[in-house]
Amino acid sequence: MLNLDTVDPRVDLNLVWGARSEFGDEDGELLLSLSGDLQDSLTEVLLAHGIEPREGSVVADLTIITVIGFVGPGLVGSLGLATSEQTLERLHRRDRGRDSDDCDRGDWLRELANQVLGRLKAHLLFRGLRIRLALPQSIRGMRLSPDQAQARRLSWSASCGDDGPLLAWLELERSEGLRACPGPPIRALSAGQVAFF
Amino acid sequence: MPYLKVLIVDDSQTVRDSVREVLTAVGICVIEAADGEEGRQLIDLTPDISVVLCDVNMPQMDGLSMLEQVKRHPEHAGLPILMLTTDGDPALVRRARDAGASGWIVKPFQDHLLLAAVRRVGQAGGQRAAK
Numbered sequence: 001m002l003n004l005d006t007v008d009p010r011v012d013l014n015l016v017w018g019a020r021s022e023f024g025d026e027d028g029e030l031l032l033s034l035s036g037d038l039q040d041s042l043t044e045v046l047l048a049h050g051i052e053p054r055e056g057s058v059v060a061d062l063t064i065i066t067v068i069g070f071v072g073p074g075l076v077g078s079l080g081l082a083t084s085e086q087t088l089e090r091l092h093r094r095d096r097g098r099d100s101d102d103c104d105r106g107d108w109l110r111e112l113a114n115q116v117l118g119r120l121k122a123h124l125l126f127r128g129l130r131i132r133l134a135l136p137q138s139i140r141g142m143r144l145s146p147d148q149a150q151a152r153r154l155s156w157s158a159s160c161g162d163d164g165p166l167l168a169w170l171e172l173e174r175s176e177g178l179r180a181c182p183g184p185p186i187r188a189l190s191a192g193q194v195a196f197f
Numbered sequence: 198m199p200y201l202k203v204l205i206v207d208d209s210q211t212v213r214d215s216v217r218e219v220l221t222a223v224g225i226c227v228i229e230a231a232d233g234e235e236g237r238q239l240i241d242l243t244p245d246i247s248v249v250l251c252d253v254n255m256p257q258m259d260g261l262s263m264l265e266q267v268k269r270h271p272e273h274a275g276l277p278i279l280m281l282t283t284d285g286d287p288a289l290v291r292r293a294r295d296a297g298a299s300g301w302i303v304k305p306f307q308d309h310l311l312l313a314a315v316r317r318v319g320q321a322g323g324q325r326a327a328k
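Residue numbers (my numbering), protein chains in the order written: chain A, 1 to 197; chain B, 198 to 328.
For reference, chain A alone in the conformation it holds in the complex (with noise of 0.2 Å):
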């Protein structure tokens, strides 16, 4: 069992953290609105690899994680996925259309994290929240479990049809005075948009 609180990938961002509160009851509508967000930003970007997730469960033993922190005014928090060595290879195969060996999926893994923290980030800027990202870290281990039992933590199972399933998470701490930082609502370039100067 592996504790992901002991895996912290906000202590490269080197920032000093006053009080934090844990997300209220007065917070619900943002953390429904956040997992959602979280849902179609994976779905959205699985879809561009070809892989059409649908909503499951983990069953599988995970086998590797890859974690990418983030940090924005009265926000700090991370975005996890986490899959089995078999789901990893089969969803690469899938996408890359070739085998390939354990450093490239694990660089498939933390390539395919960071494209869902930037479709989640263009949907944090729509809620008026802009957060700076850190670069992805990964883990292998047997049997990994990411602890459930943090009550800020959102997750969602995709399961990724025959291919097998993969777990996303988000994970939240927000600072007081979380709600006067939200500015107006900003319009992000979408997945796969060209923009000219």
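FYI, nobody ran anything at the bench for these hints, they're computed from the structure.
Even for Gly, the Cβ is constructed at its ideal location relative to N, Cα and C.
Check before you lean on any hint, since a few could be wrong.
Claimed, not checked - Chain B side only, calculated, beta carbon under 8 Å to chain A, not exhaustive:
#1 Val212
#2 Ala231
#3 Pro256
#4 Asp286
#5 Arg294
#6 Gln307
Using the hints, position chain B against chain A.
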């Protein structure tokens, strides 16, 4: 089509492979760097680069810092640099535009749009290389 040499700067081997497959399939030469510092050095050492595709969030030196450093040199002022990133934040897009980038592409990219963008800005890079 004129000869094009594209430098892809991205810390993800997956992205570098994807870009290389799309571009080399139509005869475009591709060279690679894994971060902004390596990319900046390759640009200095390789005068016939036609187009640079550059990620934003990278170790060592991020893509926007690389863009700003490269564009400060007069000999690179005409080098087309397209940012290729998961981030569509308009504040970052403005920073890239103000620093002299030629465009911004949001990953995951579509192969035909990436190729069209490289060809569109590549002409200016080819003219730079011919000088």
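May I ask you to test the interface hint for Pro256/B with respect to chain A, counting a Cβ-Cβ separation under 8 Å as satisfied?
-> Holds. Min distance 6 Å.
Under 8 Å, Cβ to Cβ, is where Gln307/B needs to be relative to chain A, so tell me if that hint holds or is violated.
-> Result: holds, 5 Å to nearest chain A Cβ.
Measuring from the C-beta of Ala231/B to each C-beta in chain A, is the shortest one below 8 Å?
-> At 11 Å from the nearest chain A Cβ, Ala231/B fails the 8 Å test, so the hint is violated.
With 8 Å as the cut and Cβ atoms as the points, is Asp286/B at the interface with chain A?
-> Holds, because the Cβ-Cβ distance from Asp286/B to chain A comes to roughly 6 Å (cut-off 8 Å).
How about Arg294/B: closest beta carbon in chain A under 8 Å, or not?
-> holds (4 Å)
If you take the shortest Cβ to Cβ gap from Val212/B to chain A, is it below 8 Å?
-> holds (6 Å)
Hint 2 alone, counting from the list given before, is not met by this structure.
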